[in-house]
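Peer 1: For the sequence shown, the working numbering gives the first residue as 166, with consecutive numbering after it.
Check each hint, because a few of them may be wrong.
[Said to hold, decoys possible] Label pairs and their computed distance ranges (CB to CB): (1) Thr204 with Glu227: 25 to 35 angstroms; (2) Glu227 with Leu310: 45 to 55 angstroms; (3) Thr305 with Val223: 36 to 46 angstroms.
If you are wondering where the hints come from, they were derived from the structure by calculation, not from laboratory data.
In this text, all values refer to a predicted model and were calculated from it rather than measured experimentally.
All C-beta atoms in this analysis are idealised placements derived from N, C-alpha and C, irrespective of residue type, glycine included.
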Amino acid sequence: MPNSLQSVTANLRGNRDVSPKRRSSGTAIMDTLTQGSITRGPNGVVQIIRSAIVTGLVGPPESKIPDALNAVGMPRYGDPHPSPIAAGLPLSIMRADIFESEPDKAIVTLTYQFPTATGGITLFENEPSETTAPQIEVTTTLNQLTTNRNVDGNTITVTYVAPIIDPDTGDIIGSRPITQGGEVTIMVPTTTRNYMRREPRDPGDKAQIYVGTTNSTPVFGDPAGFWLCTGLGGPSDDGGITYNVTYSFQRGEPHRVGGESFAGWQAVVVYIDPETGKPPGDLLSNRDGT
Numbered sequence: 166m167p168n169s170l171q172s173v174t175a176n177l178r179g180n181r182d183v184s185p186k187r188r189s190s191g192t193a194i195m196d197t198l199t200q201g202s203i204t205r206g207p208n209g210v211v212q213i214i215r216s217a218i219v220t221g222l223v224g225p226p227e228s229k230i231p232d233a234l235n236a237v238g239m240p241r242y243g244d245p246h247p248s249p250i251a252a253g254l255p256l257s258i259m260r261a262d263i264f265e266s267e268p269d270k271a272i273v274t275l276t277y278q279f280p281t282a283t284g285g286i287t288l289f290e291n292e293p294s295e296t297t298a299p300q301i302e303v304t305t306t307l308n309q310l311t312t313n314r315n316v317d318g319n320t321i322t323v324t325y326v327a328p329i330i331d332p333d334t335g336d337i338i339g340s341r342p343i344t345q346g347g348e349v350t351i352m353v354p355t356t357t358r359n360y361m362r363r364e365p366r367d368p369g370d371k372a373q374i375y376v377g378t379t380n381s382t383p384v385f386g387d388p389a390g391f392w393l394c395t396g397l398g399g400p401s402d403d404g405g406i407t408y409n410v411t412y413s414f415q416r417g418e419p420h421r422v423g424g425e426s427f428a429g430w431q432a433v434v435v436y437i438d439p440e441t442g443k444p445p446g447d448l449l450s451n452r453d454g455t
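Given the sequences, and given the hints that come with them, work out the whole structure.
Peer 2: In structure tokens, the structure reads:
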């Protein structure tokens, strides 16, 4: 790093807002863009580094860094290098350094390189959680659910006092209680989280692995088994070089059965009496499949 640069720097692997509408809040513009080093591998160019000078920065250093990275004319994270020799190398690392002698100027180092392979899936370094800062959408809606349990997780029962009829006279000679399981339709809140970001690879491989699975470790403040990946995918607007990928997750509400707590997406199977079409009133719960 040149001696004229102060120590305030930012090393970003996609932590910049990729929305084309987001630009510097001041007058920062990219003044010059120069070509730097080129690294070649056995199959061609594997890395290209460019430098951009940004002018017009104002405010404290902590605001100048993001303003420099979002200056007017600055390439966006994930953009392909324009040179034919680059073979579509995407912009994957952005670093901004403020000039100490000229605090209204910064140099932005742009590193173009292909993703690395991790766990058999082609991903950027630190994928899938530490690259581009995603857009996040959280919604909660009400959905109908039919259950045979009350709020405490106990079986709902209904009792009817049936008359006892004398078969000879037709007179009521007594009564007897008939108890059976009951069901009720309730409205429960369902929360959905959507994460949207720009990525440099076709999301098909990840979709086949994650869609239809639940979290195996705690996430979003919930333990394992609460969040189901309901969708993963998105379009490309540059011929397959990058994709606008949306990750969709739905929270399964926790529930209680007979005093036991079940994670959101753990299934509870209930016996239905074929004669009444209702669950019996004396159901016992088991986790072993019986």
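Peer 1: Now, for every hint given, state plainly whether the structure supports it.
Peer 2: Each hint, compared with the structure:
| no. | hint | verdict |
| --- | --- | --- |
| 1 | Thr204 with Glu227: 25 to 35 angstroms | holds, 32 angstroms |
| 2 | Glu227 with Leu310: 45 to 55 angstroms | holds, 47 angstroms |
| 3 | Thr305 with Val223: 36 to 46 angstroms | holds, 40 angstroms |
Hint violations for this structure: none, all hints satisfied.
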